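Q: This is what each chain is made of:
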Amino acid sequence: MEHQQSKSFPISHVIGFVVSLVLTFAAAGITLKTNLSFKVIMWIIGSLAVIQAGMQLFMFMHLREGEDGKTNLVNMIYAVFMVIVIVVGSIWVLTSGHAAH
Amino acid sequence: MKAKITMEVTIMSIKWDEFFITGDPLILGSQIAIVLTMIGAVAGITYLKKWKYLWTEWLTTVDHKKIGMMYIISAVLMFFRGGMDGLLMKAQTAQPEMGFLDSQHYNEIFTTHGVIMILFMAMPFLIGLMNVVIPLQIGARDVAFPQLNALSFWLFFSGAMLFNISFVIGGSPDAGWTSYFPLAGKEFSPGIGNNFYAVALQIAGIGTLMTGINFIVTILKMRTKGMTLMKMPMFTWTTFVTSILIVAAFPIFTVALALMTFDRLYGTHFFTVSGGGMDMLWANLFWLWGHPEVYIVALPAFGIFSEVISTFSRKSLFGYKSMVFSILGIALLSMVVWVHHFYTMGSGPAVNSFFSITTMAIAIPTGVKMFNWLFTMRKGRIKISSAMLWALAFVPCFVIGGVTGVMLAMGAADYQYHNTLFLVAHFHYVLIPGVVFAVFAGLYYWWPKMFGFMLNEKIGKWHFWLFVIGFNVTFMPMFFLGLNGAVRRAYTYSAESGFAPLFMLSAIGSIILAAGFAVFCYNIYWSIRYADRNISSDPWDARTLEWSTASPVQFYNFAKLQEVKSLDPFWHMKKKNEGLTLYDSEIEEIHMPSNSWLPIYMGVIFGIAGFLLVFEWHIAAALAAIGIFAGLIIRSFDYNEGFHVKKDEIHRIENAWRKTEGEVHDHVS
Amino acid sequence: MIMSAKVDTSLPLEYQTEQDRMNILGFWVFLGAEIVLFATLFGVYGVLYERFAGGPTHKDIFVIKDVMIQTVLLLTSSFTMGIAIFEMRRHNLKGLIIWLVITLALGAGFLFMEINEFIHYAHEGATMQTSAFLSSLFVLLGTHGAHVTLGIGWATMVIIQLLKRGLTPTTARKTFIIGLYWHFLDVVWIFIFTFVYLKGLVA
Amino acid sequence: MKKILLSLTALLPLLVLSGCNMVVFEPQGPVARSITDLINWSLIWMLLVVVVVFGLFGYIVWKYRERPENKDYEPPEEHGSTLLEIIWTGIPILIVIALTIPTVKTLYALEEAPKGYEEKEPITIHVTSADWKWIFSYPEQGIETVNYVNIPEDTPVLFKMTSASTMQSFWVPALGGQKYTMPKMETEMYLVADNPGSYDGQNTNFNGRGYADMKFEVLAQTDEKFNEWLADVKETAPKLTESEYDDLLKPTHMGRLTFSNTHLEWVNHADPHSKAYTNPELYRGHGYQGKTFEEEDNYKSNQPNVMENHGQGGHDESEDNHGGDHNEH
Ligand code: HEA
Ligand code: HEA
Ligand code: CUA
Ligand SMILES: [Cu+2]
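Taken in sequence, the protein lines are chains A, B, C and D.
Heads up: the first sequence begins at 1 in my numbering, then just goes up one per residue.
Heads up: the second sequence begins at 1 in my numbering, then just goes up one per residue.
Heads up: the third sequence begins at 1 in my numbering, then just goes up one per residue.
Heads up: the fourth sequence begins at 1 in my numbering, then just goes up one per residue.
These are calculated hints, taken from the structure and not from any lab test.
Careful, some of the hints might be misleading.
What the hints assert, rightly or not - Result set (DSS-like, lysine-lysine): computed pairs, CA atoms no more than 30 Å apart in a straight line:
#1 D:Lys71 with B:Lys575
#2 B:Lys458 with D:Lys71
#3 D:Lys160 with D:Lys105
#4 B:Lys565 with A:Lys70
#5 D:Lys63 with B:Lys383
#6 C:Lys65 with A:Lys39
#7 A:Lys39 with C:Lys199
Claimed, not checked - Reference excerpt, derived from the structure (chain B facing chain C, CB under 7 Å, subset only):
#8 Ile213
#9 Gly267
#10 Ser636
Just so you know, these numbers come straight off a predicted model, no measurement behind them.
Where a beta carbon is used, it is the ideal one built from N, C-alpha and C, also for glycine.
Turn these sequences into a full structure, and let the hints guide you.
A: Shown next, in the form of structure tokens:
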């Protein structure tokens, strides 16, 4: 609400768009055109994805806008915690012990 | 019964001879009873000309109090069904080699018992109480999204009915409430029984998820002036945290059930034996939801006990802050303990150690709550009312359940307890004191607020003693049976096992338990008929805002939205004699939402689509699903702004209850 | 709805009434639930992604060129949706509707590609029933695709309301919420792009 | 107060009734013993917790209950006590730590051959659970048994476990804890019996209609007797054929069987790429039947609900219609 109403050119959107395209192609390039190990590639492109998602959240979705901005932030942090628990937890549990064939 | 029906009756490619469950007197009896009840209900309502009343006052209502009551009524009915299942199981295992139920039948019964008790009894009972109480406790006029709230109820109701109908049509699910794969898959359960599980729970689960969202927003945004988070009543706090748990956990179940549906209906390979599926993945997803689920039912119960204990000790809650932090701690920890339900799956000592530690850690915040409750009572003046009795009995009983939980939590020891009756005893010792005692306490406590009269205290004590004694006699023996090697879900056992005396004792206990429940039903009946209607709006001398308005509560809850300065605001208002009177000048028009037929329509259409899907009649189900989309579109274009309550009407209603207030007698014996 | 509709005109349209603020907050909470839902699907995919059961593998079926086009389509649509909301905040109804329509067109393009992709997979003998890997792949992609489809239908309803009623606090709020939804689907796609397609194609 | 007394008095006769002969507290081998030790350790602490809470509860409720004399007593305003709250957070933390350390130790220890037996050459037995029977293969000895397993006393036995159908759990409470058996996977467990004797084993993980009777016997024998038995089996027991094995895997109850070869010759269900022996036709029960999906590797049977008698002591249970005759075993 701070900005925009007055501005006539959506500069932050354009920047966000360009950056997201750059990140996307960078990730594709790293995956397809380099000989890094699987692990390294996954860490790099994973981080790029997280950066890009964060950008969408803050620049396009105005996560912190309005009187509930803080609530939204806590909500998203909690959601990320859940994502880690579910994804990392499931994979850990189901590929340990006897399942590590 | 050995004769197999070979004649296939197929009309419109539906196998009618399989459609209705035949050949069992119990089920035939239920079928007849259901049809008769339905005819009776329809005839009765028609005769009394109550259709219009039913439709406008209940079926289309968006009033949180009425929705809450409908939840509670459904929950009591479901308790009855689930309790009958429990009694049948106890009858079957009362003696070795009993022939009362065969194994298939027993399997169906514990499955429906578990599902119904947790999802269609405990959940709606607690959600019902939340619905009635939360807006009142935070001094609001309704929840944030009243129409969504009605939709939640109707989806729950539709799911519950769909699940229950499996008893007489199509066949009940029979793979346990956990429905482990591969057993629950088409490879080993080709009948449609488990489709009922997948579809009915899905429908009800969506309703629950929306309840969670609704209450989060309600509590965040609709608290009355001055009520900061740290001034919220404890029941509001637990509801808030429970809602967060619902929103965090139910989507996992949604996915798990959807994948189950795909495996069963469309031949995918998530959990199957063939095609690379992984059975352990189901267990993992189920408990990722299932463990938080048990705290989803436990936390609101803790909130109810906090209110009841503090009110009847005439003291504010001891250690309010540490109570809040322990709720948050329990909620957070409850997301990272799920593996304790399958230590025996062999994920290795590192995994098992991690989850043993997180699980045992839950004992710490729970202990904090325990001691806080005890010290709330210390130096108090403990009034032993029916509501308080339940809270008192909760403490020792739940500690038994809790410490046996900690024993189960020790991964290595669990190798000996797992899937035995020791485990069954543990979870009944947490679920019954933790949930059932709590809803009873809540019901006795808030009954006058809901209906304007009290439940009988004397009958209430009978209800209490029978139930609590019966409960202990039923489930205490199971600990010892389990330690002696008796496994769960076995429909019978041999005479040589030596289990017989304890099983018999347990069966006797369940009869006492059932008697207790019957007394409870009688109490409701007696009180409706005979209880004094002339009671005060604050019969317990209570502490929170719901007691500052009329009993039964007027449809707009509060004529004037209060301002709150401290914890236990109503207590302090009474002490300081502040804010209790309403001046004419303070009355303003009140804006209220209108009734809507959409929620019940959506419930019905979801039920129909779900039913068709269960029977794998895909085209018909898809057609019904169009009705769902139609409902969504209609909702999108619905701009009904509600209505305004005129000042005169508020005047009239407020005068009516405020005038009599001084003249009533205190009914608590 | 309960609070009498006190209007705070200093805020953007969609935030002006208490009920609208509650709807927006409620939608954010709902998005939290959606994140958990997709996380579960990703977890399932992460567990099953090498269980081919003798069927086709990632490299047999993924076509990077098509995936890149899909990605660009969706990224662009997220950007145009941002512009649409930007126009809404400038009270430019016409601009809003134009950008919304562009967004939906891009979304439809994405869907078209995805359906083609599925048909292509089926031709390669890769169906939902073939293996655990493919079951989890189809359900993950399909859930996202179903969300996009729903989003298109929903946004169409909102456009009709905008045409009928113009920009009011209520229609603005509805538009804002569909905007959030649309961006969210893009966020999910970023992770599908990375952890499904790129991961499957790492040498 | 009365209620605690009541539940306690309910407890007493129970203890007497069940005697103290609860199988979990009478371990017959080092594995079970290590778990029992852990359980006993936990019981001490749990008893302490129970005593403290019950004591406090009884005292407080009794002392501060409302009586006619204290009707006028108005309780003080009290909001908490940091000191007390720290105490009842701290002590449980200590208790949890006291429980954690031996738990983790035992968890790790249970994965290995038990202490003191590391030197002894373990024998390996493959366990294959099927609906609703237990198949034991001795690959080294080349024999196979159904629903009973003989082991030498005082020797670590490594059970390599898998399932030919649903998920089951292998449990011999007198000898040790349980572990799941799952199709296309292999779990492992060591057990040792101190002395010759017969121990009950059973499935604890619910797997359908025949679950309650899915039991087996573990017979621990002296080395001599065990070798005698082995020799005897090799000489006299028939050979298992593939088609007999297919029949064996159908969902039935049966008595004991003994063979002088093992099914591992043609299939090891623990192999993730092994054939899946599933046939929904055999599991049709009452109620409406949905559509089932044919798998390539299913063993095809076009005769639903037909099961021949097989093997010695075979006891088949064909279609168990609803309301059927399950009570005769
Ligand atoms: C309301 C429901 C509820 C609640 C509150 C709990 C509470 C707990 N549960 Fe329970 N549980 C179930 C419902 C519940 N459970 C159900 C339904 C199942 C079985 C599902 C199925 O398989 O069908 C189950 C199964 C279950 C298992 C799986 C066992 C198995 O399958 O083999 C385990 C294992 O760790 C466990 C542990 C615990 C623990 C540690 C707690 C703790 O939260 C308890 C904490 C409380 C206390 C400890 C008492 C008070 C504390 C003090 C007085 C402080 C001092 C105490 C100490 C330091 C110890 N539970
Ligand atoms: C909140 C949850 C809850 C509650 C309240 C209960 C309550 C009861 N349960 Fe339980 N139970 C579960 C949740 C619950 N249960 C779960 C999750 C399982 C696991 C399922 C599975 O394995 O998949 C289980 C399993 C389970 C088993 C184990 C089955 C097995 O493994 O073999 C047994 C066996 O005795 C049992 C018994 C009972 C009994 C006797 C009651 C009693 O408390 C019921 C008391 C109520 C009544 C008796 C009401 C009816 C009253 C009457 C009919 C009286 C007449 C009235 C009038 C005339 C007005 N339950
Ligand atoms: Cu179970 Cu691998
Ligand atoms: Cu749990």
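Q: If you draw a straight line from the CA of lysine 565 of chain B to the CA of lysine 70 of chain A, is it 30 Å or shorter?
A: With a Cα-Cα distance of about 24 Å, the restraint between lysine 565 of chain B and lysine 70 of chain A holds, given a limit of 30 Å.
Q: Straight-line Cα separation of lysine 63 of chain D and lysine 383 of chain B no greater than 30 Å?
A: holds, 12 Å
Q: Does the interface hint hold: is serine 636 of chain B within less than 7 Å of chain C, judged Cβ to Cβ?
A: holds, 5 Å
Q: What's the verdict on lysine 71 of chain D and lysine 575 of chain B, does the C-alpha distance respect the 30 Å limit or exceed it?
A: Since the Cα atoms of lysine 71 of chain D and lysine 575 of chain B sit roughly 18 Å apart, the hinted pair holds (cutoff 30 Å).
Q: Is the shortest C-beta separation between glycine 267 of chain B and chain C less than 7 Å?
A: holds, 4 Å
Q: Below or equal to 30 Å on CA atoms is what counts here, so check lysine 39 of chain A against lysine 199 of chain C.
A: holds, 10 Å
Q: Does lysine 458 of chain B pair with lysine 71 of chain D here, judged by a C-alpha cut-off of 30 Å?
A: With a Cα-Cα distance of about 21 Å, the restraint between lysine 458 of chain B and lysine 71 of chain D holds, given a limit of 30 Å.
Q: Would you settle whether the hint for isoleucine 213 of chain B is holds or violated, based on the nearest Cβ-Cβ distance to chain C being less than 7 Å?
A: Holds - the Cβ of isoleucine 213 of chain B comes within 7 Å of chain C, reaching about 5 Å at its closest.
Q: Hey, lysine 160 of chain D versus lysine 105 of chain D, does the alpha-carbon distance stay inside 30 Å?
A: Holds, because 23 Å separates the two Cα atoms, which is no more than 30 Å.
Q: Quick one, are lysine 65 of chain C and lysine 39 of chain A close enough, alpha carbons at most 30 Å?
A: Since the Cα atoms of lysine 65 of chain C and lysine 39 of chain A sit roughly 24 Å apart, the hinted pair holds (cutoff 30 Å).
Checked against the numbered hints given earlier, the structure satisfies every one of them.
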